[in-house]
Amino acid sequence: MSNYFSPFVLPFLFGVIALIVICLIKYIRWYKQFDRLQKTILLKNIFSLRFLSAIWETVMEALFHRKIFKRNFLLGYMHASIALGWFLLIVVGAIESELALETDKPFWIGIFYRYFIHDPQAFPNAHFFAHLMDFILLIVLSGVILAYVKSVFSRFFGMKKTSKHVVFDRFAKFSLWLIFPLRLISESFTAALYNNGGFLTQGLGDLINYSVADILEIPAWTLYSFALGTFFVAMPFSRYMHIFTEVILIFLRKWGLSENENVSGFTMYELSACSRCGICIDNCPLYKDLKLQGVQSIYFLRDLRYKRPKEEIADNCLMCMRCMAECPVGLDLMTIRRQLRNKKELDTNDNYKYIDNLQSFNSIGRVIYFAGCMSHLTPGIIDAMLTIFDKVDQKYWFMDKDKTICCGRPLMQQGFTIQASELRRKNTQLIKQSGANMLITSCPICYQSFKKEYNLPIQVMHHTEYIHMLIKSGKLKVRKDDLKVVYHDPCELGRACGIYQQPRQILKTISTLLKTKNEKENSLCCGYNLGNTVIEPEQQGEIRNAALGSLIAKNPDVIATACPMCKKAFKRATNCNVKDIAELVKENMIL
Amino acid sequence: MSNFGFNISNTRVISMDECNMGNVERLHLEVPSFKRCISCGACSATCSAHQFTDFNIRKLHNLYRRGQYAGLQEELKACMLCGKCTLVCPRGVNLRSMIINMRKILYEANKR
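Going line by line, the protein sequences match chains A and B.
Start counting the first sequence at 173; every next residue gets the next number (the numbering used here).
Start counting the second sequence at 12; every next residue gets the next number (the numbering used here).
Note that these hints are calculated values from the structure, not bench results.
Even for Gly, the Cβ is constructed at its ideal location relative to N, Cα and C.
Just so you know, not all the hints are guaranteed correct.
Stretch by stretch, here's where chain B covers chain A in the computed footprint (C-beta under 8 angstroms, at least three residues) [said to hold, decoys possible]:
id : segment
1  : 389-399
2  : 523-534
3  : 545-556
4  : 692-705
5  : 708-715
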């Protein structure tokens, strides 16, 4: 070992040991914070073949950064060149030292290979490896240069607003930015002395005077080692903790773990897997339209990770899920936000005794129609649905005709989980007792609740799915009129439940559907989402106007939507006709 | 006469000296739009909980504004937070936020 040791290795060595110890301590602590169910699921799946797909996803996301490439090529290249490049530098460096030395090789030899091995022909094809390592270094350097450029001109990378960072982040970032240029310089000095570089380092080395190189070689390698050491020590406390944590998170998810109602060890993994890239900022309606800063998911997770969560920030979110659609790590941002909204003492039992007496209705052979609270403010939707039921001779039970029980989702979103479950319990009881075989709802909020939170034994459909099924099976005959229509994807139906196709196909059947700028995953929230209780109605209006602006850009005859809330929001701000899909279908039914 | 579930209150005298208006001020800070209410009652008319009980937001709002908090904490629990009231309010009062914050403030006040 003594042949391959120099004092400048020490900072690196110290950094690596500190990194490993701190990471292990953190990971073991978070594992202990898993609840019993999470541990059971983990132990059950850990030896299954799911790790294969986890490895695939790790390569595609953690190394190639596929999702970021899809968003913006330059941004993707920047991330992929540094991540994949550095990974390859380590792997190829290890192979190189494996080939060059048979015994007596400390693990840092790959990192400082050129300093310790001067013979350019240490093994057959050593030249090839020297060029290959230089090529990889060149790619990493191009990524680092892009990172410098991005910090000044983030617009070229498809980002208007970049994130503000904490001290540890800056520390880690600047040392990261220094590592690779310092490696280039050190290797060039060594190449000037011993002619053992590849095309890049040798090219630079040939320009350097021998005596200068002789003096500066050790200082350069020392600085390189210090940069590495600093980065490794700062890493577990900075956003760069995501490098390892994201990989672990991918495996945990593949093994079947997910967020639950309370902050758990899994949440801790998710918090540290956030790279604070800031991609969630630009499209957050609260930033885009209201210029509110500090409330976006990135800052929310950051505050939570450093144990200073602010209640008003947890509350200030529309829950439109736009950031989740953008997040390259795929974090469950909405659930984490809900966990922090936990209302603890306020969230009491037995608040809704008044619903106990509600009776079910014998609905064997019928479907249940659950309009939802909001639909009662848009009677047109209810009327259209009832007409459609009559038209296709479908018998139904209008479950919330007179006395409306909320589905519980608005309560759950605000962190009243016990109260929400009380409403869910009663609704479930009513639905089960009725004996109906299907539940159709007009409100995407209820739809998501019934679909994901209820665990009902019967099929749950949103009315767009139901109408689509009727038209497709030929039960409902419609004509096509010459109206030009744009479709607004409600957050709770689109991003939350993935229903994009059915509404569009219905609209294509009955009208001319125009494309809009922000469609499907990229649709804009109407601002009236029940998720947010902090912003005032005027601010909701501004968000709504932005969404409306993108919808009416092509002068449609009708703005179609599938959510009573969105309909209500748009209706009061435009002269353009705003209609629910059910209403449009009703108008175009062939009698 | 149809039964709306609420009626015009009996005449009474409120001694403002005995009311603690601190909670009202706090609510103003948390929910600025609270002040805009003109007591039109649209919220109560549309309320889902009101279909079952005599839960009446307008009444609760007025009681709170006058510093009469007795029993409010219990009554506010009937709200299902469905948000219809907020949507129909002609004055743009953020009612859901108002109800949550009333509950929060009253809980903390009673704890002390």
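Per the coverage rule (Cβ-Cβ under 8 angstroms, at least three residues), is the segment 692-705 of chain A covered by chain B? holds (count 3)
Coverage of the segment 708-715 of chain A by chain B, judged on three or more residues with CB within 8 angstroms: holds (count 3)
Quick check: do three or more residues in the segment 389-399 of chain A have a beta carbon closer than 8 angstroms to a beta carbon of chain B? Since 0 is below three, the answer is violated.
Can the segment 545-556 of chain A be counted as covered by chain B under the rule of three residues or more with Cβ-Cβ separation shorter than 8 angstroms? holds (count 4)
For the segment 523-534 of chain A, do three or more residues have a beta carbon lying closer than 8 angstroms to a beta carbon of chain B? Held - the segment 523-534 of chain A has 4 residues with a Cβ nearer than 8 angstroms to chain B, which meets the minimum of three.
Checked against the numbered hints above, the structure breaks only hint 1 and satisfies the rest.
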